[in-house]
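For the protein sequence lines, the chains are A and B, in the order given.
Under our numbering, think of the first position of the first sequence as 1, with each following residue one higher.
Under our numbering, think of the first position of the second sequence as 1001, with each following residue one higher.
Simulated from the structure, these hints should not be mistaken for laboratory data.
Check each hint, because a few of them may be wrong.
Said to hold, decoys possible - Pair by pair, the computed Cβ-Cβ distance ranges are:
id, chain 1, residue 1, chain 2, residue 2, range
1, A, P46, B, M1097, 51 to 59 Å
2, A, Q203, B, Q1079, 22 to 30 Å
3, A, G172, B, K1386, 46 to 54 Å
4, B, K1417, A, Q203, 37 to 45 Å
5, B, Q1137, A, G204, 34 to 42 Å
6, B, G1533, A, T227, 42 to 50 Å
7, B, G1241, A, E262, 54 to 62 Å
Note that the Cβ used here is the ideal one computed from N, Cα and C, for glycine as well.
The lines below spell out each chain.
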Amino acid sequence: MRPVHLFALILQNRGMAIRPFLCLACLALLGYFAWNDAVLAQDKNPYEGNPEVAKLGEYQFRLNCAFCHGLGARGGGRGPDLTRAQKRHGNSDAEMFHNIHDGIPGTAMPAATNGGIGVGMSDEEIWQVISYLRRIQVKAPAQPGGNPEHGKQLFIGASGCSTCHMIQGKGGRLGPDLTTVGASRSVEYLVESVRNPSRRLAQGILEAMKEFPEEYESVSVVTADGTKLSGVLLNQDQFTLQMLDTREQLRLFEKAELRSFETRRESAMPVYDQKALSDKDLQDLIAYLQSAGVQ
Amino acid sequence: MRCERTGPEPKSRFFAAFGMTSLGRAVSVLLAGVVSSGLAPIAPAQVTAERLRESAKEPQNWLMYSGDYAGRRYSTLDQIDTKNAVSLAPKWAYQTMAGGKFETTPLVVDGVLYATGADDRAFALDARSGRPIWQYQRALPPDVRPCCGRVNRGFAILGDKVFLGTLDAHVVALDTKTGNVVWDVGTSDYNKGYSITLAPLVIRNLVLIGVSGGEYGIRGFIDAYDAATGARKWRFYTVPGPGEPGHETWEDDSWKIGGAPAWITGTYDPLTNTTFWTTGNPSPSNRGEGRAGDNLYSNSLLALDPDAGKLKWYFQFTKHDEHDYDATQVPVLVDDGERHLIMQANRNGFFYVIDRSNGKLLSATPYGKVTWSNTKDASGVPIERKEASPTLTGVPVCPGAIGATNWMSPTYDPKTKLFYVTAREQCDIFSTAPQPYDPGHAFYGSAYFPNDDAEPFWGALRAIDPATSQIKWELKHLSPSWSGVLSTAGGLVFTGDAEGNFMALDAASGKIVWHFQCGASVYSSPMTYAIDGKQYVAIAAGTTLFAFGLP
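Just chain A, same shape as in the assembly (with noise of 0.2 Å):
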């Protein structure tokens, strides 16, 4: 909702003719005012600690939420964990509502309304959703106790992550930017991305009409000239391909000139094993990551 719009509409319709209008625009204005404090209550959650509302905010959950989130909100494939008391995009009633509401540019998080979020949510649906959200929060966050400097040396030094990884602009481009996942995925989640990184393949390109995003898998092609190339594929149609090699390069390919091309639901990232990487060791880099994000 845009108050300021509508005023400045208001005196927009009255135009030239504002004299004969100016009671008429006081009592738009008075109006305004009233309105504008309704509005402003509205950053509040009108049913803050109901928890009849916070049942009801479950179900709308569900509905809307869950298949990007999972159903308990601790983030699924797609989506972040919401049970995180901070979150990326905000933690007060307004910045979430506003979060549901409008969307998230630059993220898969769309807006609350039809062919947007699920079903479409109301504003009502939308306070109940962040009343559920409030009462499933996470008290503390869990904390992995990390030294995240230690965890930085590891990302930048011996555990290589910096090769295909970028954290605020510094890094490989093979991987996905890693600046703010800590600040948004669970530790599980982390770790599991860690110890297996092909259990879920990291979301690529997102384009506006299709339903799932393309996703970080790897990809080997010959072409004609029998040259061999392997990397990351960005994206991929029936008839064409478009990758990242192994140096950095980007390669465009018509399927059909190629000699033969090969697409794995592998992710390209070295399996980190206790070996590779100790459960302290990790604990420092999730630490790290935790702490990349947060400005």
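Given chain A, work out where chain B should sit, using these hints.
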């Protein structure tokens, strides 16, 4: 308190300002006469009920949603064929500038194309150039919340009117030459979750529609309106009321919010004067508790007398559904010698062949992965496996909630004798919860979500041989497609994919012979028409309607 809008809405001043004087009209008629006698052999005439019935005689026109009353989405136009399709090229593109899914199938009558778009906009174009003749935009109430996008699938036509169902559950007749509203009637209360997204079906002087809203605990119905006046002639409730046969298949008062919407256009057999409509899920879709019984006529095929709206017979595909397996796929009428059949590739994963005269099941065969059913009853109807019933924490079931197919149109090609359908391979975890009913609020009874351990989702265009119910060939889609399928006497089938390609395939082999990148996923079903002896193929994708033809 909210009030429902009735009454016709005013057209914008822009269009009113360009209203023609009678002199202007006379001149333009004169000019049209000169031009058409010299250049174009187009002879605009009223679309009569007779023309609709005999649509096969004018393949240059596309007179109804599925192309013909049989619902085959097949055209005898053969100028574009397997040999020359490789040189197909865009002839024009029309931008609606509307976001969201663009699901329309245009109609083309004597050189004029009529189509609808997102948010209940509509337009008429010069089908040769794509240039608009008129545009219409319904002033929708701000609080309409149709479940699955602000979509519309198209018009029906009769006489000098085109008919549109709207998201606020009205039926509107527009003048074919101006787009002016001729009549506008409310069918039901959008505040309770009723809406209309389908293209109506005209039979004689009646406009038939069905409602959407299976996500909101509505009570579904099919209506018929007088094409001339908009007066309602009959209503058939798809959930029977007290005293009606089938009412006993609902527990207590569950019938009042029983769902069973009819949200895809029906078909019609003029020989027996029977219209065939299909229905969607019982509400709430993911919870059977509280609505014990078969829940008639949800997920059913209904054979109705179009004059009185009386039920002749029914066949229920999924009894007491708990997986959102709407049967809202076009029921295709196929004559095989003396056998008069109905074929449907159902959302529940089975391909059904049914005797059109009495609704008897002849066969039900899976055409994709099915785990919700592992038994059939004495008459061969697949029955739900107990373990597939949703639980609080969820159980994996195939097909998933979107189904093995959905509303996208299949096609039947009488030359190859194959049935082509867009299939989806996706399993989901179905959960249930005791969600209370609240009018106008989403009422699923819980949710579905992806099964992390399942294979990634994919799709395919499948050619089913109805004689054996076996799959003759398939074209694998990288991700599931929402495009319908068109077949033509040129030996081609046309379809689109989620990656934005529109393609022509050899109908016999499934080999791709041509493709074009539309720039957005296809959420519509293709159609074809001809003007001046030149064949066009049209498809909606993204915000754009494309027409393709030979150079």
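These are the hints, each one checked on the structure:
1. Evaluation of the 51 to 59 Å hint for P46 (chain A) and M1097 (chain B) yields a failure: the beta carbon distance comes to about 37 Å.
2. For the pair Q203 (chain A) and Q1079 (chain B), the beta carbons lie near 44 Å from each other, so the given range of 22 to 30 Å is not met.
3. One distance hint, 46 to 54 Å for the beta-carbon pair G172 (chain A) and K1386 (chain B), holds here, with the actual separation near 51 Å.
4. For K1417 (chain B) paired with Q203 (chain A), a C-beta distance near 43 Å keeps the hint of 37 to 45 Å intact.
5. For the pair Q1137 (chain B) and G204 (chain A), the supplied restraint of 34 to 42 Å holds, since their beta-carbon distance comes to about 37 Å.
6. Range check, G1533 (chain B) to T227 (chain A): about 49 Å between beta-carbon atoms, so the 42 to 50 Å window is met.
7. Distance hint check for G1241 (chain B) and E262 (chain A): the Cβ-Cβ separation is about 59 Å, which falls inside the suggested range of 54 to 62 Å.
Checked against the numbered hints given earlier, this structure breaks hints 1 and 2; the rest are met.
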